[in-house]
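From first to last, the protein sequence lines stand for chains A and B.
Heads up: the first sequence begins at 1 in the working numbering, then just goes up one per residue.
Heads up: the second sequence begins at 1 in the working numbering, then just goes up one per residue.
No lab work stands behind these hints: they were computed from the structure.
The structure presented is a predicted model; accordingly, all values stated were derived computationally and were not measured.
Every residue, glycine too, gets a C-beta built ideally from N, C-alpha and C.
Treat the hints with care, as some may be off.
What the hints assert, rightly or not - One-sided excerpt, in silico: chain A residues whose CB lies under 10 Å from chain B:
id : residue
1  : Ile89
2  : Tyr143
3  : Glu147
4  : Gly148
5  : Gly156
6  : Tyr165
7  : Asp166
8  : Ile170
9  : Asp171
10 : Glu173
11 : Cys174
12 : Glu175
13 : Leu177
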Amino acid sequence: MASNLGVKREAGAAAPDASDTGADSDVARLIRSRRTIHEFEPQAPPQSKVLEAIDLARWAPNHHATEPWRFYLLGSETIAAIVELNAQIVERKSGPEAAWAKHARWSAIPGWLVVTCERSDDATRSREDYAACCCAIQNLQLYLWSEGIGVKWTTGAVTRDPAFYDILWIDPECETLVGMLWYGYAREVPMVARKSVPEILVTLP
Amino acid sequence: MPEPVRRALAESGVPFEILACDPELADTAVFCERYGFALADSANTIVVTSKSGERRYAACVLLATTRLDVNKTVRKRLGVRRISFASPEETERLTGMVLGGVTPLGLPETLPVWVDEQVMARPYVVLGGGNRSTKIKVAPALFERVPNATVVPGLAVEI
Chain A
1 MASNLGVKRE AGAAAPDASD TGADSDVARL IRSRRTIHEF EPQAPPQSKV
51 LEAIDLARWA PNHHATEPWR FYLLGSETIA AIVELNAQIV ERKSGPEAAW
101 AKHARWSAIP GWLVVTCERS DDATRSREDY AACCCAIQNL QLYLWSEGIG
151 VKWTTGAVTR DPAFYDILWI DPECETLVGM LWYGYAREVP MVARKSVPEI
201 LVTLP
Chain B
1 MPEPVRRALA ESGVPFEILA CDPELADTAV FCERYGFALA DSANTIVVTS
51 KSGERRYAAC VLLATTRLDV NKTVRKRLGV RRISFASPEE TERLTGMVLG
101 GVTPLGLPET LPVWVDEQVM ARPYVVLGGG NRSTKIKVAP ALFERVPNAT
151 VVPGLAVEI
């Protein structure tokens, strides 16, 4: 879902941003500093923080108040099953060594949360519900970031495997995956760049 | 061992062996490692339920080396869109047994028991004994004698 461009920094150091004038509000600073985290410390954050994040996530903008989001907090058994499934996928594609490396890397990720969106037969509603779920994930990410917890939002190959839905007891005809979120305390906080506002803004009369 | 389980075993006419188990070691993977049984010879009983609409339940028996085929077989067989495994509280309320001890024997007749066909291919299986301090070692022919049990091809898939 998100790409990381730039130099990695040690966790704890604020990410410099040329657009930060030093007069940012707390919210602005939080938004600017949040990064996708790829390397986590082994300690899992308290579940209370994740539950608070979910509580805040559901206040995202949501047309028609459909509340289409569903959150799946994964325990060790479910995580192990997903890690194993992914290793099988990687082995078929890239061989046993790559699978072993991926298995080891994924097994070390401390926190796992899956977010789905209720399906709708109406195309407009589907699009809007998906957008609402994305907003919910951003709420969740920002709160966790404010608590020193980083997130990686991923939609890799494992999330498209039918067995993934079986493992999570999700009916793919009822729910569509929005993201698998890994969370934990960042070991490294990457620096990233963004296009400047003039590059992305069109002002009309 | 709960009386309904003992009675069901006796009435089956199939030879069995009762295994004593430390309640702290009753969960399948731990039990197998500690007491020297292969996971492929151990069968779990998982109660599944519908998450919406009319409440439906089934007890699924599958080898510990497999996983329920939730979206193809279980969901279709239960006849509902959304399913889940029953909570520990629900499981105990329905079966009278706690997790780590649930057995497909002595269950209410209204609760269907679905047995994955891979279970039937084993020379023997270790089942829950109705509580966390007992296991049952028995030939899968037992399931041909359980009134509300059905062998279901494709109920579970290899992990």
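- Message: Output the indices of the hints that this structure fails to meet, ascending.
- Response: Hints 1, 2, 3, 4, 5, 13 are the ones this structure does not satisfy, whereas the remaining hints hold.
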